[in-house]
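There are 4 protein chains.
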Amino acid sequence: MAGNTIGKIFRVTTFGESHGKSLGCIVDGVPPGLKLKKKDLQKDLNRRKPGKSKYTTKRRENDNIIIMSGIFNNITTGTSIGMLINNNDCRSKDYKNIKNIFRPGHADYTYEKKYGIRDYRGGGRSSARETTMRVAAGAIAKKYLFLKHKIKIRGYLSQIGNIKCDFKNWDIIEKNPFFCPNLLKIKKIEKLICQLKKKGNSIGAKITIIIENIPVGLGEPVFDRLDADLAHSIMSINAVKGIEIGDGFKVINQLGSQHRDEMNKKGFLTNHSGGILGGISTGQNIIINIALKPTSSIKVCGNSIDNNGNEVKIITKGRHDPCVGIRAVPIAEAMTAITIMDHLLRYRSQCYDIL
Amino acid sequence: MAGNTIGKIFRVTTFGESHGKSLGCIVDGVPPGLKLKKKDLQKDLNRRKPGKSKYTTKRRENDNIIIMSGIFNNITTGTSIGMLINNNDCRSKDYKNIKNIFRPGHADYTYEKKYGIRDYRGGGRSSARETTMRVAAGAIAKKYLFLKHKIKIRGYLSQIGNIKCDFKNWDIIEKNPFFCPNLLKIKKIEKLICQLKKKGNSIGAKITIIIENIPVGLGEPVFDRLDADLAHSIMSINAVKGIEIGDGFKVINQLGSQHRDEMNKKGFLTNHSGGILGGISTGQNIIINIALKPTSSIKVCGNSIDNNGNEVKIITKGRHDPCVGIRAVPIAEAMTAITIMDHLLRYRSQCYDIL
Amino acid sequence: MAGNTIGKIFRVTTFGESHGKSLGCIVDGVPPGLKLKKKDLQKDLNRRKPGKSKYTTKRRENDNIIIMSGIFNNITTGTSIGMLINNNDCRSKDYKNIKNIFRPGHADYTYEKKYGIRDYRGGGRSSARETTMRVAAGAIAKKYLFLKHKIKIRGYLSQIGNIKCDFKNWDIIEKNPFFCPNLLKIKKIEKLICQLKKKGNSIGAKITIIIENIPVGLGEPVFDRLDADLAHSIMSINAVKGIEIGDGFKVINQLGSQHRDEMNKKGFLTNHSGGILGGISTGQNIIINIALKPTSSIKVCGNSIDNNGNEVKIITKGRHDPCVGIRAVPIAEAMTAITIMDHLLRYRSQCYDIL
Amino acid sequence: MAGNTIGKIFRVTTFGESHGKSLGCIVDGVPPGLKLKKKDLQKDLNRRKPGKSKYTTKRRENDNIIIMSGIFNNITTGTSIGMLINNNDCRSKDYKNIKNIFRPGHADYTYEKKYGIRDYRGGGRSSARETTMRVAAGAIAKKYLFLKHKIKIRGYLSQIGNIKCDFKNWDIIEKNPFFCPNLLKIKKIEKLICQLKKKGNSIGAKITIIIENIPVGLGEPVFDRLDADLAHSIMSINAVKGIEIGDGFKVINQLGSQHRDEMNKKGFLTNHSGGILGGISTGQNIIINIALKPTSSIKVCGNSIDNNGNEVKIITKGRHDPCVGIRAVPIAEAMTAITIMDHLLRYRSQCYDIL
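Chains as they are written, first to last, in full-length UniProt numbering: chain A, 1 to 355; chain B, 1 to 355; chain C, 1 to 355; chain D, 1 to 355.
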C-alpha cells in the first residue's frame, strides 16, 4: 500500500520526481463554489520557490502552476482538481556520479533497499522538489479556511543554528529571505549562511506555525486527534525530526498546576496546551514547533558505500540549500492547512446537527 | 468522520468510556496462523494496569482481557479479533460535581463544545482508561513482530521532572514501578512522587522507545513515511505534547557534517537519524522520544467555568496518577508496535516481488 | 488488508463467528444528540431472528443486543458505539463431521485455502449469523435517517422460486413470515417451503429494496457513486449473486427514448433510472433488486473432497433455512441504510456551504 | 468526502472533464520492478478510443497517454505513477444550448443540485471521457497480473438490444468494432446500429467479463468480498444498471441441489457460483455479467426543465455513441483488473506467511 495520499475528506495525492517531466497532484473533496485562480496558488509557490536569493539553492524553477480540472469560470465545481508543474532546470548530469553510491543522510540507501531500484537523478521522489505540490494543494485549503472562517495559518523561522529569532511581527517575515520575524537577527543569519556556503556545510533550524481563529471542536478522538494528524502531516515533510504542540518538551519539567490552562468568563488564561485539549481544538491559537535537520547534501567529504557494498568517499555536488529549514516555512504552513481543512470537513460531517 | 480506527492494513478500532460497561476493540488484518493466548495480551495489560503501586492511581481494575473471536484452538484464523475488558471499579459519584464544570487541562470543554453532550463520568471517552485496548491490540503486533522478525519494541522512563534517567539496562526497567532504566534514580523518583502526592500536584515526563531488529524498507513515502505514521500514533496518546525521532530538536544546532550518518562496509557509523531516512527504516534501531504533560487532575485549586459560563473554583477529586508518563510506557510501546506491524504488512503488499 | 469495516464516515466494523462467544461491532461516526435505545435496535434484530417460524432455521437465538458505549442517558455522544450479542444455541457437535470436508456451495474450501486454517463450527465467520451486527448497525442509521429526513428504507420478498410476489402494500409485509407484500402468494410460498423441507432442498429468491424521501445529491462520483457503493454493500451480503438499480437488466433491450426519464415542472415523469443519475440520487425513490442463491446446506447428498483431496459424499446436517432470501430482507435494508447514512454524512462534509 | 479514488492498496485517483485541458490520474501502489512502456497502456486506450468506426461517436481523440512519473528506464520504481491525456477535439459550442437545461437521463440535474454549479461542456466530469484514465490505470494492473500470474481479464459484448451474442472464441472479439464474440451476429448488429443512427436513437447492451487463471484466495470477508468490490468498481462505470456474478439472477429459480458446485479430485464439477464462494475466489474462472443502459444523448425530442424550473423540449446534439455498451468492454476489463490487482496485493499483505 503506497502512501502518496494525505487527508480523509480533503484528500491530496501527489506524484513526481526531481528530474521527471512534471510534478503533479490531485486534490479531492474541495467544496464547490470557491473562487479560485492560479494566482491564489502561485503566491505560496513563489514563497517556496528555489533560486530566489543567494541563500538558497541556485536551481531556477519558475514553478508555474497549471490547473487542469475541477474549476469552471474560476469557481470550484466540487470535482477533483488536477494540477501540474513542469520541471525546467534539471541538471541530471550532476547526479551520474551518485548512480551507484548512497549519499550519507539521504534516502538513497533506503529507497534502493526497499524498492530494488531508484531514480537517482536529483534524489528522485525523495527530493524536496516533491513539496511543490503540497504547497499548491495547501494554498487551496488556506484560501478556503480564510474566506469562510478567517482562519490564518502562518509560520516563521524561530531558530537557525544557535540564533534564536524571537517573534516581533508578521510583516517582517515576508520581507526577508529567511522568513525571520525579527529584524535584529537578519544580519546574523546572513553571516551564518555565508560562512556555511564557504565551507560547503549546512545547518538545522526550528520553525514555528501559528493557527489563528480556529473554531473550537476540530479533531476526532481517539486516534485522529487534531494534534496526532498535525504530527503526521508535518513529520511527513522532508528533514523534520521533531514536533511540539504548545509547550512541547518543556512539559517534562512542569507541574500540573503550572501547565493546565485555567479559564474565566473571557476564556482561557494561558495557552500551555497550544490550543488542543483531548485532541480537539480549544479555539485558542494552535502553536506548533518543528525541528528540521541540516541539509545532507554538503561539500564536506564523507564516507559511504556503493550498491555493491564497496566503501567510497563522497562529496555531494549539485545545487543545494545550506538550510532546508528556511524554505520549509511555506511547506509546513501548507501541510498544516491541509490537515485543518480535512478536519473542518470531518467536523461538519459528524456534528452537522449542532452547527 | 470519526477517528476510532488506526492503521491501514493492520487495523485497530476501539470503543469504551471510563465508567461504561466495558472497553473493547476489533483488530483486523492479523495474519492467520499465529499462536495467540490470553496471557500474551494480559502480560502487557498488567504492566499498564492501575493500582499496582502507591505511585499510581488507586483505581483497582483487573483488566482481564476476553478474546471473543478470530482465534480457533489458540491460533489466529485471519478473521477480525474482538476483545473486551469490563470496567469494575468505577466510582461515578466522584464525578457528579464536575457534571457541569470544565476541569482545567482536561477535554471536558472541548468535548462539550464539539459534540454538545459528554459523558462526564471519569472523563468518559477522553479518559486514559481508553488506552487499555491499545495495549491489548499492540500486544498482538508485538508478538507477531518478535516471533517472525525478532523485532523488539521496548520503552523506558527517560526523565521525570528534572530527574534524568540515563539508560543502564533493560532488566532494571521491569523491576521497578517507574519503568526507570537506572537503579540510582529510583529513590529520587520515589521521593519526588511522594512530595507531589502530598501537595496534590503532578509532574511531566519523557519516555523513550527503542525498536530493535527492524528490517530496512518499512515506510511509504511521501505522506505515510514511517516517522510520520509513528508521530501520528504516538501523538494520539493522551497527554503527549512532543515527539522526536533520533536527535530530534538537537538537530537545530547541528551541522550537516555532524548530523548525517556516514557508512562503511559494516553499516552505519552513527545513528543521528534515529533509524529512519526519507521516511523509510534503515535497519538501525529506531529511537523515539516523547514528552508527556503532567496530569491535569490535581488537588490544587484552579479557576474554571461551568456549562453556563459562570466562573468557578475547582479541585479535581477522584483517584489519579501523579505522573501519567509512567504508565504511558507500555502504551507507547503498543502504539509503536501497531504502526510497525501495519507498515510491515504494507511493505509486503507492494514489495512482495523483491522479498 | 482485512475487510471487516464498511463505510467511510459512518463506519461499521464487525467481528464474530457462528459458534464463538459473541458477535460484536463498533459503529463510528454516529452524530451526537440522537436518542437511541436498545429497543430501536432490537426491533430489526427480531425481524431477522432465526427460529421465529417453521419456515426458517430452528436454531433459537434471542439475539439480545447489548450497547456497551457511545450512549449517555439514551443519547448518542459522538463517540464510537460498541455492541454485542452473545451466542447461546450453538450445537458445535453437528459440525464435527465437516471438520475436514468442504461442503459444496459453502466457503469452507476458500477459507481453508486462503488462510490455511478455518473455524469449521457452523461455518465460522462465513455464517449468516455474522449479519446480526449488520442489522444492529443498520438500525442506528435507519433511525437517524427517518428522524432527520423522513427517509424510509424498506424491503420485501419479490420472488421465490418461480412465485412472483408483486407488491400490494407495506402493511402486509410485517404480518407474514416471508416479508411477502402480497397476501395471495402466501399460501403458495408456504406450500413451496414445506415441499423443500420434506426433500431437504432449498430455493433462491429475489428481494426488492425501496428508499423513499431521499434528498437529491447523495453520491460521490466518479468511483464512490451511490449506486456503486450500494452495489458494494449489498453484494457483501451472504448469498447475493446479482444486483440491479432501477430497470437493471431490462435496459439491455430498451431504446434511449424509452429509458431516459423525462421531466416537467413537477419533477420526473418516470423512474427507469431507479433514482440515481450519474451516481447521484435524484430525489426519486431508489429501487434495488437483489438475487440470492439457494441455501447450500441441504440434505441432498453431494460430491466433495476433504482437506487431503480425497473424494467424499456429503449431506449437510444442522439447522438451516430452506430459503436464505427470506431473512435477507432486514439485512439488505440494514446494508442499504448504512450506505445511505455514510453518503448523507459525506454529502454534508463537502457540500456544507450550499446546504 | 469526494470519491475520485478506487482501491485500497493499488489505488487509482483520477481527474478531468470532457472539455477540460486534460484528463489525468495517479496510480499508487504499483509494485517496483515491472517493465512498463507507453505502448502497454496505449493498446487498451486505442481499443476504447472514440471515432474508430462509424458505429461509435465521431469525436476524434488520439488519446495519447503521457507517463509523467514513477518509471525509470522503463521500469516501475514503486513511486506513484502520474499520467495525462490531453483533450484535443472538444466542441464546447455544441453545448452552449444546454448550459441551463437538464438533459433527460444525464447527470446534469444531479450535479447542479448537489454542487450548485456544473461544467456543462460535454457533460463535464460525468462524461464517459472520464473513463480513459480508468483504462490507462487498468492496463498497468492487467500487465502485472498477466506477467506474474498469467491472469487474463477479457470481455465481450454478450447482447445488444435483443441480439444475443453467444460466445464463440476470443480471436473474433478484437476483429470487429463491437467486441462481439460471434461472427454470425455482426451483420445484425451493424444493421441495428445503422437503424438507430438514422432515427437518432440508442440501445442498451450486456457485456460479459471472464477472469482466467485467478488464484484461489482473493477477497476479504466480510465486507470487502471479491464480488462486493467487483460490484463496486463495475457499477462505478457510467451507464451500468446491473451486475451479476456467475448465475446471477437465474439463481432465483434454482434449487440448492442445482446451484451448489460439487467437487471431485480434479476440482469443481460446475461453476454456477461464477468463481467466488464466501467472497473469496475459488480458482475457477470468474464470470461477470453487466447491463448498460442506452445512451441518453439522442436526437429524439424529449421533455425537460431548465435551471429555473421552466419546462423545455430538448434534442441532444453533439457526437454520441448509439450504444455505450460497446466501448464499455475495455472499461469494464480495466475496472475488473484494478480490483483484482488490489485484492492480489491485499491477499499478500495478510496471508504472506502461508504463500
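Hints were generated in silico from the structure; no laboratory data involved.
Check each hint, because a few of them may be wrong.
Same chains, same names: a pair is fine if it fits in one copy or spans any two.
[What the hints assert, rightly or not] Pairs of lysine to aspartate or glutamate, EDC-like flavour, derived with a Cα cap of 16 Å:
id : residue 1 : residue 2
1  : LYS39     : GLU190
2  : LYS299    : ASP40
3  : LYS187    : GLU262
4  : LYS39     : GLU262
5  : LYS99     : GLU311
6  : LYS152    : ASP166
7  : LYS175    : GLU190
8  : LYS198    : GLU61
9  : LYS191    : GLU212
10 : LYS54     : ASP40
11 : LYS21     : GLU61
12 : LYS313    : GLU262
13 : LYS199    : ASP89
14 : LYS37     : ASP166
15 : LYS187    : ASP306
Please read all numbers here as calculations on a predicted model, not as lab measurements.
Taking 16 Å as the upper bound on the Cα-Cα distance, should LYS39 and GLU262 be classified as within, between, both, or neither? Neither, since 43 Å and 42 Å both go past 16 Å.
Is it within, between, both, or neither for LYS39 and GLU190, if the alpha carbons may be no more than 16 Å apart? neither (30 Å within a copy, 52 Å between copies)
Can you give me the call for LYS99 and GLU311, within, between, both or neither, at a CA distance of at most 16 Å? Within one copy only: 15 Å inside, 58 Å across.
Alpha-carbon proximity context of LYS175 and GLU190, limit 16 Å: Close inside one copy (14 Å), not across copies (53 Å); limit 16 Å.
Between copies, within a copy, both or neither: which fits LYS37 and ASP166 at Cα up to 16 Å? Close neither inside one copy (35 Å) nor across copies (53 Å); limit 16 Å.
Status of ASP40 relative to LYS299 across identical chains (alpha carbons, at most 16 Å): Cα proximity of LYS299 and ASP40: none, with 37 Å in one copy and 42 Å across.
For LYS198 and GLU61, with the copy left unspecified, which applies at a CA distance of at most 16 Å: within, between, both, or neither? neither (24 Å within a copy, 55 Å between copies)
Go through the copies and call it for LYS313 and GLU262: within, between, both or neither, with a Cα cutoff of 16 Å. between (57 Å within a copy, 10 Å between copies)
Is it within, between, both, or neither for LYS187 and ASP306, if the alpha carbons may be no more than 16 Å apart? neither (41 Å within a copy, 50 Å between copies)
For the identical chains here, do LYS21 and GLU61 meet the 16 Å Cα criterion within one copy, between copies, both, or neither? within (13 Å within a copy, 23 Å between copies)
Homo-oligomer pair classification [ASP166, LYS152; C-alpha up to 16 Å]: So LYS152 and ASP166 fail the 16 Å test inside a copy (20 Å) and across (41 Å) alike.
Using 16 Å as the alpha carbon limit, work out where LYS187 and GLU262 are close: within a copy, between copies, both or neither. The answer is neither: 40 Å in one copy and 33 Å across copies each exceed 16 Å.
In this structure, the earlier hints numbered 1, 2, 3, 4, 6, 8, 9, 10, 13, 14, 15 are contradicted, and the remaining ones agree with it.
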